[in-house]
Amino acid sequence: MHHLKIPTKVHPDFKRKFVPIKDNGEELIQVAQLNTNQIIEDPQYVKQGIDGALEHCYVRESAAQQLMQAAKELPSGYQFVIWDGYRPYEVQKAIYDDYYRTIQLNNPEKGESDWRQLTEDFVSYPSIDKEQPAPHITGGAVDLAIVDAQGELLDFGTAFDDFTEKAHTAYFEQLGQQRDLTKEEQIIRDNRRLLYHVLAAQGFTNYSLEWWHFDYGNQWWAQQQEKSRAIYGVAQLTDV
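With full-length UniProt numbering, letter number 63 in the sequence shown gets 63, and the count goes up by one each step, no holes.
FYI, nobody ran anything at the bench for these hints, they're computed from the structure.
Ideal Cβ positions, reconstructed from N, Cα and C, are used throughout, including at glycine.
Accuracy of the hints is not assured; some may be wrong.
Stated by the list, open to error - Derived pair list, reagent style DSSO-like, types lysine-lysine, alpha-carbon separation capped at 30 Å: (1) K5 with K227; (2) K166 with K17; (3) K5 with K22; (4) K227 with K93; (5) K110 with K166; (6) K130 with K17.
What the hints assert, rightly or not - Estimated spans, in silico, between C-beta atoms of each pair: (7) Y78 with R101: 36 to 44 Å; (8) T8 with Q150: 48 to 56 Å; (9) Q225 with E131: 37 to 45 Å; (10) Q132 with E152: 36 to 44 Å; (11) Q177 with Y89: 26 to 34 Å; (12) E109 with Q132: 36 to 44 Å.
Build the full structure now, drawing on both the sequences and the hints.
So this is what it looks like as structure tokens:
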């Protein structure tokens, strides 16, 4: 997978296209209960103390099955580590509001429209609109990385939720077009390539501004895959 480049998408224009939803009714599946030792979970928003954050990570059933298939293509001993999946409304709102305040403080010369746009480059508006819900609220979005056989996180160049240009999935692909990459940068690029391509091979799409964010079944997925409809709308977690 290391020799396969990541497409150099500079902006997620796909979000401008509306795709209808016909929810297939799949349940949310707890990642920790999947029948595999190749996927572990490490819920990040519980660690951050966000009210309403879930103790476990959940994704829709088909997304979970495709994750397990993708994990089989990892090098021996490597595992996916899932940081986040389904996200309740209150958690999405808390993340959005917090980043919006950060954008305001860092860009006092701008106005509300710009603040919102800059926020939504990295954090989706906390929509539970049945016609256009936020990706994580559908259970079809997953934030993840890879750990090696010793349980150490591979170097992906940034931390989770690093909302900078360096977090763009193809950042090191583009940097390599401008100059020779250092050995460390080549490793980061190759790790991102591995994550991207094992998931893309199982039908996942990537949000190009976040190397860790992948979609399956929701509108972002349908838009990028040019599907006529999405199969995941607003999800409900009934048994926590």
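Against the structure, the hints come out as follows:
no.: 1; hint: K5 with K227; result: 24 Å, holds
no.: 2; hint: K166 with K17; result: 26 Å, holds
no.: 3; hint: K5 with K22; result: 33 Å, violated
no.: 4; hint: K227 with K93; result: 28 Å, holds
no.: 5; hint: K110 with K166; result: 23 Å, holds
no.: 6; hint: K130 with K17; result: 16 Å, holds
no.: 7; hint: Y78 with R101: 36 to 44 Å; result: 37 Å, holds
no.: 8; hint: T8 with Q150: 48 to 56 Å; result: 32 Å, violated
no.: 9; hint: Q225 with E131: 37 to 45 Å; result: 19 Å, violated
no.: 10; hint: Q132 with E152: 36 to 44 Å; result: 39 Å, holds
no.: 11; hint: Q177 with Y89: 26 to 34 Å; result: 41 Å, violated
no.: 12; hint: E109 with Q132: 36 to 44 Å; result: 30 Å, violated
Figure legend: structure checked against the earlier numbered hints; hints not met, in rising order: 3, 8, 9, 11, 12.
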